[in-house]
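Novice: From just these sequences and the hints, can you work out the full model?
Taken in sequence, the protein lines are chains A and B.
Residues 1 to 243 (my numbering) are what the first sequence spells out, left to right.
Residues 1001 to 1051 (my numbering) are what the second sequence spells out, left to right.
Just to be clear, a hint being listed does not mean it is correct.
Stated by the list, open to error - Quick list of in silico lysine-lysine cross-link-like pairs, PhoX-like style, CA-CA up to 25 angstroms: (1) A:Lys11 - B:Lys1037; (2) A:Lys11 - B:Lys1006; (3) A:Lys12 - B:Lys1037; (4) A:Lys12 - B:Lys1048; (5) B:Lys1048 - B:Lys1037.
Hints are computed from structural coordinates only; laboratory data are not their basis.
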Amino acid sequence: MASVWEYANPKKFIETTDRILPWVAGLAVVTLVGGLIWGFFFTPADYRQGSTVKIIYLHVPSALMAINAWLMMLVASLIWIVRRHHVSALAARAAAPVGAVMTVIALVTGAIWGQPMWGTWWAWDPRLTSFLILFLFYLGYIALWQAIENDDTAADLTSVLCLVGSVFAVLSRYAVNFWNQGLHQGASLSMDKEQNVADVFWYPLIVCMAGFVLLFVALVFLRTQTEIRARRMRALLARERLS
Amino acid sequence: MPDLGKYATEVMASYAVSLVLIVALVAVSVWRARSAKAALDAVEARIKRNG
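Specialist: See the structure below:
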């Protein structure tokens, strides 16, 4: 059986993801569009929240991906720190803008949802605040990659930043449980049938979450390929200048 | 179109903002992927040509 570390070879990574990417992207489009259409057109209004419940199909999956994108970056950064595989560092770099956009979607849809439900666009609530800090970490991470010319140094420093930012990724997930205060309710999804959202909202939500995960995977594959090619081009141009 | 009642603006705004951001992210990613591939191909071809 082939070792997973084979995919740390840039050529092997591009060859493999080139084969998988059209399927993942196609599946992402089908599940995302299907889930959103199902949620928007074919689910009823909630008895308390009215039609704003339809925002759940964007808010929850984007928040889920905002946190998990950072955790994926954490794993990739740890692989870089321990094993020095360039593909892992570049995958973390590729995931950051995707995670940042997911965080913006979660923050914006949360504010739009919060206004009619809580009577305010924003509150310095533990979950909202930790999510905003997570977004600032995303911006800092992207800026740090841009600011440092040497790829290896950039990968080292951004990996450390990613380790620090992971505290806020975890906090933004569990802030409600830690502090048990603020406006934001607990997890929308629970294994406890009593606490979980009703099935009529739950099934399309699952499809939307799958769509967001697949979209994330497809974008990270594509963007990692781009980063690998850009890195190779920089190396070739540098070699050409020296000769 | 479902009846969104008094929250139509909020729901439509959420979908509009999110879809614009997602489409923009995908478009920028695809555009960057194509230009990086084209640029690398050009550099590799030039290096091959010049030995």
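Novice: So, for every hint listed, does it hold in this structure?
Specialist: Against the structure, the hints:
Pair hint A:Lys11 plus B:Lys1037 holds up; C-alpha atoms about 13 angstroms apart against a cutoff of 25 angstroms. About 54 angstroms separates the Cα atoms of A:Lys11 and B:Lys1006, which puts this hinted pair outside 25 angstroms; it is violated. For the hint pairing A:Lys12 with B:Lys1037, the CA-to-CA distance comes to about 16 angstroms; that is within 25 angstroms, so the pair holds. Taking the CA atoms of A:Lys12 and B:Lys1048, the gap is about 22 angstroms. The hint holds against a cut of 25 angstroms.
Under the criterion of a C-alpha separation no larger than 25 angstroms, the hint pairing B:Lys1048 with B:Lys1037 is consistent with the structure, at around 16 angstroms.
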